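Participant: Each chain, letter by letter, is given below.
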Amino acid sequence: MQRADARDADPARAARWLDEAKASVKEHAFRMKRAADEDNLREALKCASLMLGELRATTPAPRGYYELYIAASDELMHLRRFFGDKSRHGRSCVELYELVQHAGNILPRLYLLITVGATYVELGEGSARDVLMDLVEMTRGVQQPMHGLFLRAYLSQMSKGLLPDKGSRYEGEGGNIDDAVEFLLQNFTEMNKLWVRMQHIGPSNGKKRREGEREELRDLVGKNLLALSQLEGVDLQLYRETVLPRILEQVVNCKDELAQPYLLDVLIQVFPDEYHLATFEEVFSTMSMLRANVRVGSILNALLGRLLSYAEETPEAKSEFEAADVFPKSFECCQAIIGAHDDVPAKEIIGMYAALMAFARKLQITEAGTLDDILLALANSLQSKLPITDPEVAQQLSTLLSDPLESCELSVVLSLKSYPKVIALLDEDTKKKVALGVVQTLVKNRSTLTTVDHVKMLYDFIDCVVSADAKEASQAMEDVEKERSAAIAEEQNVVARVVHLIKAPEDNHELQLEMLNTAYDILLKGGPRRIRHTFPALVFAGIACGRDIVPADANNDDKEAISFTTPIEVKSPWLKKSLHFVHKSITALTEVAGRHEKALKLFLEAAQLAAVANLESIAYEFFERAFVLYEENITDTKKQVNLLFIIIGTLHKVNVFGADSRESLVHKTTGYSARLLKKPDQCVGAYTCAHLFWTETVKDSDSVASCLKKSVKIANAVRDTFGGNAANRIEALGLYVGILNKYLYFYDKTPEGCTSVTVEALQALIDMINTELSSVGDVRNAESIGALRDVEQSYANTLTHIRQQKHKVEDGTADRYSTLVV
Amino acid sequence: MSFLGFGKVCTVDLTHDAGDAQPMVSVKNEQGTAHEHLPLFSTGQTIVGKVHVAPIPGKKFEHRGVRVELIGQIERYGDRSVVDFLASTRDLEPPGELSAPKSLGFEFKHVEMQHESYHGINVRLRYFLRVVVSRSYASGVAQEFKFWVQNPVPAVPEMNNSIRMEVGIEDCLHIEFEYARAKYSLKDVVVGKIYFLLVKIKIKHMELEIRRRESTEGGASAHNESETIAKYEVMDGAPVRGESIPVRLFLSPYDLTPTYKNVNNRFSVKYYLNLVLVDEWDRRYFKQQEITLYRAIQ
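Which chain is which? The protein sequence lines are A and B, in order. Residue numbering for the first sequence follows our numbering, starting at 1 and increasing by one per position. Residue numbering for the second sequence follows our numbering, starting at 823 and increasing by one per position.
No wet-lab data here; the hints were simulated from the structure. It cannot be assumed that every hint is accurate.
Claimed, not checked - Derived lysine-lysine pairs resembling DSBU-like cross-links, with alpha carbons at most 35 Å apart:
1. B:K1026 <-> A:K46
2. A:K432 <-> A:K362
3. B:K1024 <-> A:K223
4. A:K33 <-> B:K872
From a predicted model like this one, the values you see are computed outputs, not experimental measurements.
Kindly generate the complete structure, drawing on both the sequences and the hints.
Facilitator: Okay, here's the thing in structure tokens:
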């Protein structure tokens, strides 16, 4: 039966081939061992040759070949033991060494030769140098890449521990460390050549697969470097003068994109840090000689990483680094590498500079000048790669840019003049992403901006998301706007956060305001689309600044306890200034379509601050502005209702106004309430307005009563609408219950002088509710029933409250409620 | 041959006086089918021994003399020519009657045997001692006792330069090979190196062959016969430019003879190292170089 072909594309058949080959190895190995047991040298060698003959198969997949190799090399260990016991075969090593060379096929011959050679050295019959050098020379005969790789791997493995290393028992007659190094270097060089050559074997369309296969085999080559690093005798001098130059020579000469980065990486990983420190320049200069596609950045990164780890373990490293000019030279190296090839991809360039930046950071090189140089060099190198569109590259760049933010003082970062240059290299979208990344990093790190220049610089950094560009201005605002508004909102919310980073040191309010004003000027240029998102933040920052001044002047340590309802005299001139700033900012916001509601709320917020500081006219102005907005710009009914409640709430809290001003404001407010579109809203408005007449400073019980009465009237009107159908009656009932609650609230204020709210009025209302309830008892409509149940529940709760009050002794509550019949 | 009473009347045997000390050699017989053990001599040696003649027990016979001849003979199969280049005779017994076994001593002093014994494809060179018991009316008894001659040379050849040569096919393959020496003893090692200066073909492997060319000369029967004695793989896979491949070939395992030049104007045996490169389509590229083999004194 014909044997399956190792080269077979069909995996099943290739697997069958492997099984057969393994079976054959096993069979020959069995005979070999039996012959060895019978001390039959010739027969043992013959069987071993046959077994090893299976390794002559050409181009099975490396994995299969590896399995076969492992099986065969395991069996060879039996033979090695047999060789080692001279009494069994009666030959000297030198005789054996010749005898195995009689084999006609080279691959089995060399496996046997290596096996004998190891015994030869081990038994001390031959000098390690002579035997090993002979072996490494003879193995040149195997040029088939995979055969050669594994054969030499076998040589490596067998020679382990037999090298004339310093302190080894093979040193002396058997050679010295130079021989050991020479042996390993030769084997390494040859293996690497074979490995590189693998790519040319086979059809040209299998390149990708072959690269994968080569990847699988790379450690065979790398192990030689590991073995070199494990030699006791390889000291720095030997490393620098012999080992490294030879390795680097091979790395450069092999001109292979797979081998170059791998070998350098292994080199960097296996040798000690201090060797790297002493020789980094050589490695650097090699990097610029690599193939253009080799990802040098990660190699540089690895080397710098090793240097850093050395720095971390060695206290005096910093001065050593300085003495050796490590950083400047790394920098030069970067530039040299980029200069060496025209087509270094942007990704690589960034990778390298990122490594350099990280290195600088870890070495705590934070001088702005140095970092600036790096960025400038980066910007220049990337100039020819524009525009950068690959999202991955952009991401890399933004990571790089955020690096100094993480490590350096913000002031240092902000003085980096080349920073914006680097940002400018990106396309619009990415630029924005990077800019936002910068802000996010700052926010995450809780950095603060403490000078006007910093504010300017930072906004300059993120200019692309701050200013409106020309293109945008000319665009029709409509369609595009809709699409992008969500994106812009997200983006500008981030930008808005910058405002909160502005924090003058030591309560320097003047500076704080100056910085805010700077931000104002800059943000104003962003156009309405940005102002709508950024200005609220600005306003709050202004208000916060003002609030900051207030307690400071009031000599009150307990900030939590400040009552905004009690006006305080504030002497600081900066308060007014900050209020002015707030006013200015809100005004800017009012000019943006759709932000009136927000502006209105902000005015009220600001009014409170002014009120606390006892600045009546300013507070009044704020209210006025809010009212104007309400009157002119708020048309939506629901919004009107909501805002009205906020106005009432604010006005209720604020006690700064004189009687006239106050009356004017209250009058307007009640007017708004009366002008609400829907009757139920008017009703609620009316009884809510009652609060305006009963504050800490104002105690007008008649007006309270009249407001409440007015609300009852409106509720009546609701009840009677459309002839008083069930739905309306239930709605009115809800209003009645609401009014009842207000009555109760103000009735409880009786001891404070709210005498106009009487128990009779209460009683009348309760009776009316009872009557109404009984009259709507027959509704069938499901929706109405639900509403009715809600009202009933709410009413029941209220009655429960009244009953409880009847039992409250203090303040004569129980007395007051005693007459109330429920 | 006891047919009609003319059969064997006596048995003949021959022993060498050295007895167990006589060097022996194991050689392939002419057909190459089996090995035989033969006494080994070299030129100038004295061959001393005894011929044992014994009548059939209980009988006696008359003879016209017993002699021993030493023959050196070249036999060509091609034209069936046989030439004795050496013939020497010693009479051991005058005519008479033999009734009991008798041992007769003989001696060939310092025999000149300049040619080595050789078993080739078309030719053989052999030595033997022939004992002849002559009879007057019946055919005599003649029996051959083969022996083997080897003539080691005492000194290493003086001129022994390396073989070095650059060969190639234009724009396709260019190699330079070098063997350390041109002359080798039979137990020697061929050491060399093959440099690849240009490789544009896909080489699968490379081997070194030892080829023997036996040529018979003189007359109409001039004839060459080549055979490959050894095939030794020296390279697996395809090298790249600049590669140098070591060669180390031990000659001892192979059945080689020294180079023979124009032996008695009858034949020559020459040896060649043949470097063969085989490409992926099994095409062979080769270059042959003559080497001189000699037998060194061990």
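Participant: Flag every earlier hint the structure violates by its number, smallest first.
Facilitator: Failing hint: just 4.
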